[in-house]
Every structure is written in C-alpha cells, then in structure tokens.
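Just so you know, the protein sequences line up as chains A and B, in that order. The opening position of the first sequence corresponds to residue 1 in this note's numbering, with each subsequent residue numbered one higher. The opening position of the second sequence corresponds to residue 379 in this note's numbering, with each subsequent residue numbered one higher.
Keep in mind the hints are simulated off the structure, nothing from the lab. If you're wondering where the values come from, they're calculated on a predicted model, not measured in any experiment. Ideal placement from N, C-alpha and C gives every residue a C-beta, glycine not left out. Treat the hints with care, since some could be wrong.
Between beta-carbon pairs, the in silico distance windows are [unchecked claim]:
hint	chain 1	residue 1	chain 2	residue 2	range
1	A	Glu74	B	Leu473	21 to 27 Å
2	B	Leu473	A	Gln85	20 to 26 Å
3	B	Gly481	A	Val336	39 to 45 Å
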Amino acid sequence: MNLKNWRLLTVFVLALSLIAAACGGDDEGGDFKAAFIMVAPVGDAGWNFMHNEGRLAAEENTGVETAFVDAIPEGGAEFDNAVQQFIDDGFDLIVGTSFGYQDSMLEFANNNPEVMFEHVSGYLMNDTNMGNTFGRMYQPRYIAGMAAGAATTSNRVGYVAAFPIPEVIRGINAFALGVARTNPDAVVEVAWTSTWFDPGVEGNFAQSLIDNGADVLTMHQDSTAPGQAITDAGGTFIGYHSDMSAQVDAYLTAPVWNWENRYTDIIEAAKDGNFAPESWWGGMADGVVDIEIPSSSAVAAEMQQIKDDIIAGTFDVWDQGTITAQDGTVIFEDGVIVNGWPDAFDEEATVGTPGEAINDGHLLGMNFFVSNVVGSLG
Amino acid sequence: MNEQTIIGLLVSVIEFGTLLYLAALGEMIAEKSGVLNLGVEGMMAMGGVSAFWVGVETGNPWLALVFAAVVVAIFASIHGVVSVAIGADQVVSGLALTILGLGLAAFLGEDLVFEAPRAAFANFELGPLADIPWLGETIFSMTLVSWLALALGGATWFVLNRTRAGLSLRAVGESAATADAAGTPVVRIRLIAVAIGGALAGMAGAYLTLKLAPGWSELSTAGRGWIAVALVIFGAWRPGRVLVGSVLFGGLLALEPRLQTFRCQPGQEGLCLGFEIDPIIVSMLPYILTIVVLILISIRARHRPSVAPAAIGQVYRREER
Numbered sequence: 001m002n003l004k005n006w007r008l009l010t011v012f013v014l015a016l017s018l019i020a021a022a023c024g025g026d027d028e029g030g031d032f033k034a035a036f037i038m039v040a041p042v043g044d045a046g047w048n049f050m051h052n053e054g055r056l057a058a059e060e061n062t063g064v065e066t067a068f069v070d071a072i073p074e075g076g077a078e079f080d081n082a083v084q085q086f087i088d089d090g091f092d093l094i095v096g097t098s099f100g101y102q103d104s105m106l107e108f109a110n111n112n113p114e115v116m117f118e119h120v121s122g123y124l125m126n127d128t129n130m131g132n133t134f135g136r137m138y139q140p141r142y143i144a145g146m147a148a149g150a151a152t153t154s155n156r157v158g159y160v161a162a163f164p165i166p167e168v169i170r171g172i173n174a175f176a177l178g179v180a181r182t183n184p185d186a187v188v189e190v191a192w193t194s195t196w197f198d199p200g201v202e203g204n205f206a207q208s209l210i211d212n213g214a215d216v217l218t219m220h221q222d223s224t225a226p227g228q229a230i231t232d233a234g235g236t237f238i239g240y241h242s243d244m245s246a247q248v249d250a251y252l253t254a255p256v257w258n259w260e261n262r263y264t265d266i267i268e269a270a271k272d273g274n275f276a277p278e279s280w281w282g283g284m285a286d287g288v289v290d291i292e293i294p295s296s297s298a299v300a301a302e303m304q305q306i307k308d309d310i311i312a313g314t315f316d317v318w319d320q321g322t323i324t325a326q327d328g329t330v331i332f333e334d335g336v337i338v339n340g341w342p343d344a345f346d347e348e349a350t351v352g353t354p355g356e357a358i359n360d361g362h363l364l365g366m367n368f369f370v371s372n373v374v375g376s377l378g
Numbered sequence: 379m380n381e382q383t384i385i386g387l388l389v390s391v392i393e394f395g396t397l398l399y400l401a402a403l404g405e406m407i408a409e410k411s412g413v414l415n416l417g418v419e420g421m422m423a424m425g426g427v428s429a430f431w432v433g434v435e436t437g438n439p440w441l442a443l444v445f446a447a448v449v450v451a452i453f454a455s456i457h458g459v460v461s462v463a464i465g466a467d468q469v470v471s472g473l474a475l476t477i478l479g480l481g482l483a484a485f486l487g488e489d490l491v492f493e494a495p496r497a498a499f500a501n502f503e504l505g506p507l508a509d510i511p512w513l514g515e516t517i518f519s520m521t522l523v524s525w526l527a528l529a530l531g532g533a534t535w536f537v538l539n540r541t542r543a544g545l546s547l548r549a550v551g552e553s554a555a556t557a558d559a560a561g562t563p564v565v566r567i568r569l570i571a572v573a574i575g576g577a578l579a580g581m582a583g584a585y586l587t588l589k590l591a592p593g594w595s596e597l598s599t600a601g602r603g604w605i606a607v608a609l610v611i612f613g614a615w616r617p618g619r620v621l622v623g624s625v626l627f628g629g630l631l632a633l634e635p636r637l638q639t640f641r642c643q644p645g646q647e648g649l650c651l652g653f654e655i656d657p658i659i660v661s662m663l664p665y666i667l668t669i670v671v672l673i674l675i676s677i678r679a680r681h682r683p684s685v686a687p688a689a690i691g692q693v694y695r696r697e698e699r
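Sequences and hints are given; from them, build the entire structure.
Shown next, in the form of structure tokens:
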C-alpha cells in the first residue's frame, strides 16, 4: 500500500470512529442530571475553578450526577451546541456561569420548558424555568480593602483589573472605601488589562503599578501573576476567587467564592420539583462570598467586627457616610443618592434619582469611581 | 513617570523580548529548512508546564530549562515526522501540534495549578557594569536566559551564513529537490531543524513560567506563540531583524499597561502622559505591523527575489520529483 492509500485509510477510520462516538452514549430520561457550562478552562485557579469546585461539592452533597464543559466562548454557536447537546442527552438542569451566556440561555429556557436553567452573574430570568444567581462580592472586597489600607506604607495600593464593567467597578469602589476606612491618606490605583486571563500581561500590569509606588496589590483577574510580581517586590498581596496562599508568598487574604451551598440548593430544589426561578444575589450571610480574616493584620479585630456585622445584616458597605466621586461630586449621603451617575449601558441615561435609597439596581449599574481611586473608567 | 517607572518599562521590554526572541528564533530555523511550524503556541505551553514541573520538584531553573528544551524537541518531532517524513500538510500538522500541545499541557499540569513557583531565573548583575545608571539595572542585570537568547541568535546567524551545515539547511529550504540531487539529506536536516525549533520554543516556555509570569495554569501562553510566528515574517527570516522585531513587539507588550500608569494624575510630579490611548489598540499593533511588513515584502518580491525560503510549506517526496 503506498502513502496515499494509507492516508485515505486513516481518514476513513477516523471518520468511522467519529460516527460511532456520535451514536453512542445517548441517555434519555432516567435519573436527574445537572450540567455546567463554563467560559474558560477550569484549570485557571480562578473564577471557573471555583465553579467547578462548587459543582463537585454539590455532586457529593446531593448524589446527583453532574457534567461540565469548559472553554465555551460567550455568544457563539459553540455555546448553543453545548446546551443542545446537554438537552439531547437528557440533562434536567443546565447552569451557565458566564455573563454573556444569558441571552442565549433565556431563549433555550423559553423553548425547552421541561429543562431548568440557572444563569450565574447576569440578570435575565423567566417565571417558569430560568433563574439567576450572583454573589455580593463587594462585601468581602470592602473588608479586603481595610486590610490593604492598614498594610500599605507607601499609601498606594495597586488594583489590576480586567474590564471596566459595573461588576468590577463595584468591587474596586467597595475595596477603596475599605482602604479609606483604615487609611484615609491611601489611594487605590487601577490599571485595566482588557483580559480576564493572561498571566504575562497581568504580571506586567502589576509591575507597572509597583513601579508607580504600590506596595500592596489586589486584582480582579483569573491568574496569580500579580501576586508573584508583588512577592518579588517585597509587598503584600490580596488575592481574589480562591485561597492563593499556597501559590503566592506575599498572600495576606482574599475575597473568595464558595458555590457549594448555592449549587447544592439549586440541584436539590430542581430534583425535587421545587425549582422556583428567582434573582438570587447572595452575600456573606449565605456563604457564597467570604473572606478569611488574617490574624497578622493590624486591623484584624476591626475586620472581624465588620464581617460579623455584615453577616448579621447590620452593616451596609455603601451606607457609611458620604461617598464622593473622583471628580468631587457627592454621590451618596446618609443612605440616599445625592447625584446620579452615567448609565454604564446607555450613555444618554443616568442611574439613580436624588433622594432614592441605594438599591441593587444602583449597584448593578455602578459606573463611577470613588474619590480615593486613581485611574480612569476605561 | 520617574526613573523607576522607566526602568520598569525597560525591564519589561527585555522580559517580553527574550520570550519572543527564543520562540521566534526557533520558528525561523525550522522555516529556513522549509518547514512551517504553526505549533509554536502548543510547544511553548508544553515547555512551560515541563519546566514548571521540574522547577517545583528540584528548585533548579536551569535543569528545568534543559528538560523543557528536550521535551519540546521530542514533542516538535511529531510535527517533523508527520509533515516531513510522512508528508502531511504542514499547516494542518502544525495547527494540530498547537491544539495537542495546549491540551496536553493542561492535562499534565492539572495538579501544578496550585503550586507555588519554587525555582526562578535570577537577575544576573554583570559586575561593575551593573552600577551604570539606566543600563545597569536593565541590560546588565537581566537573567542569563536573555544572554543565552542573544548568544543563540548570534550562533544561528553564524551557522546559517558561515558553515556548511547552515548552507545545507538553507538549500533544503530553498529547493529540496536541488539539495537532494546534490546529496544533501533533506529529510534528516528538516527533522533536526524542527527539533531545534521545538527546543527553543520549549526554552521560551520555561522562561514564561519561571521568570516572566511565575506559576502554571492552562493557556498561560496567551497567544505569544502566534506573535512569534508573525515575528519571523516581520524579521524577514534573519536573526538580527527578528531580534529587532522581538524588542519592538516586546516593547509594545510592555507599554500596554504603562499607557495607563504613566497618565497624568493629580499632584503627580515628573513627566506624565496627557492623553489616553486605548490599550486594546496597542495590543493589536504587533499584528498590524506584521501585516504591513507582509505587504512590503510582497511588493518587494515583484522586483527582487522573495526573502521567504522558497520551499516553505512544500512537502518534498523524492518519487514525485
């Protein structure tokens, strides 16, 4: 057999095995099954890793079979194919964990009433079979900011951030308010990397903030590269997503995600036929977000107090006196809005009417920096 | 903007430049022999994970570098065997190498994601030269890997242009049939060139996970391998120009964050940027520059012989001559 025939044979065998693979493994009906779809590899030590940890824990807690696919881009045919495949394979609950999935998920939910959908980090839902879930990460961010304010001696805290969207801006503001609480002289300098995950770029941005004088760094990214940069510079690192103490020597603490309880609850409810769509925005009281209080911090006791108060529901991060924007405009005062701010989704519009109390809608559309933040909104 | 921020920028240029130069030099050697290898991204990932693993186990970055070079030389030889010996399409085989490399590296490195780096390339202060202002803290304090990259660049130039082996390699890349007729072992030379290219990509991966961004996680190469492929074209297949390109592209990568942190801030002393450039534009520049250079090369090729190895991408089979 010559070379050409060999190659034809190889192609033929490959094609046959693909067809065989496509035919096998169909499972209609049967036991309750839950599927998870993630935007980046679960091996990223960040957002997706924590979702996978939550999935595995929920699987253990409920005994329900789960499956996942990762590295599925937002807003493309790949996502639609993944959802359709899970539906065809008889999955009863489908969880999507990236913001840009939500429009497509809602369409699938409306067209597949027998399947339940839960979307994480967005706001869309319906009345029958799709809810959404998120966490009030700003609560532990505030406490992390307190630690950063106490730790900095240069009075400059660096913040490596991915994209100027309300979720990230909200985290930066909460963090900066925490910094201001323990150190009114310190500023938080923000640099936007335009990527969720790229260790080389993240480390480079971290270094540029360090060169500007930062001796404490935190980040809203998926890699630990900023932690390595600040370790080399002899500073302090406040992580994000997960406990990064094993990887980063300069690690102090981190606001972390913990999806176990929420995923367990959703799966239990869906399995027992009690799935009720809601817009669930859990906080530290629910355990979906958390922060470990570092005993080495000079303000550990105060951090613990605030943590207890937040969990007890007696402390609101946004209702601590006056919040002034970067340009000097007073935004909040005594728990009500004094001035609205430009809408992140609609340049013509503003968010917040003077006199209104702060509500979740305001937080979801946050699009300004508080006064001790250095850097622009994109 | 002060002295420290400028030095930080230059250090960053050297770091990205070293990474890109190692990978691009390797790709250039393979292409000079007529084999296009689009597997650089996957090879770099394989190098990164191999080096990081050895670094964690032994604490020795140099052992890690050598290990990564050997592992990826073998890994690259998959492309060598498939595209040179068997004669499959180089583009397809190279892309497959990238996909395989990224997947395999992710699989092998699953347990390394939560490991702290235990080995790193240290800055090498070159005696009294390290005291020179500006240069001392940048070039004369860079790691030995950067010097190694420069040395390899020089060696590549020398071998390609001044030795018989280099002449054979170029001949194979220009016209395999002619070289074959002259008794040059086409397949063997191409296999060696691809393996050497792999070794260099592996070293680039080691530099990534043990210096530039210490740590391992999936996809941490983040497209740098593709920039290296573009760099070879940008550098017109010449070690010196590829070096210039590496510094230039490395400079763009280093500049990206500093367009933000060099911005004028209230109460800031010293120079600062009074305007804003979207960092996304800057991150596109390497590719835009490569397209511009491609156009220039193509225009020039109408009047003069092309700078690209003539046999690049062509499968050579003696019986089909």
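Hint-by-hint comparison with the structure:
1. A/Glu74 <-> B/Leu473: 21 to 27 Å: 23 Å, holds
2. B/Leu473 <-> A/Gln85: 20 to 26 Å: 24 Å, holds
3. B/Gly481 <-> A/Val336: 39 to 45 Å: Violated, since B/Gly481 and A/Val336 (Cβ atoms, about 54 Å apart) do not stay within the stated range.
Violation of the numbered hints given earlier is confined to hint 3; every other hint is satisfied by the structure.
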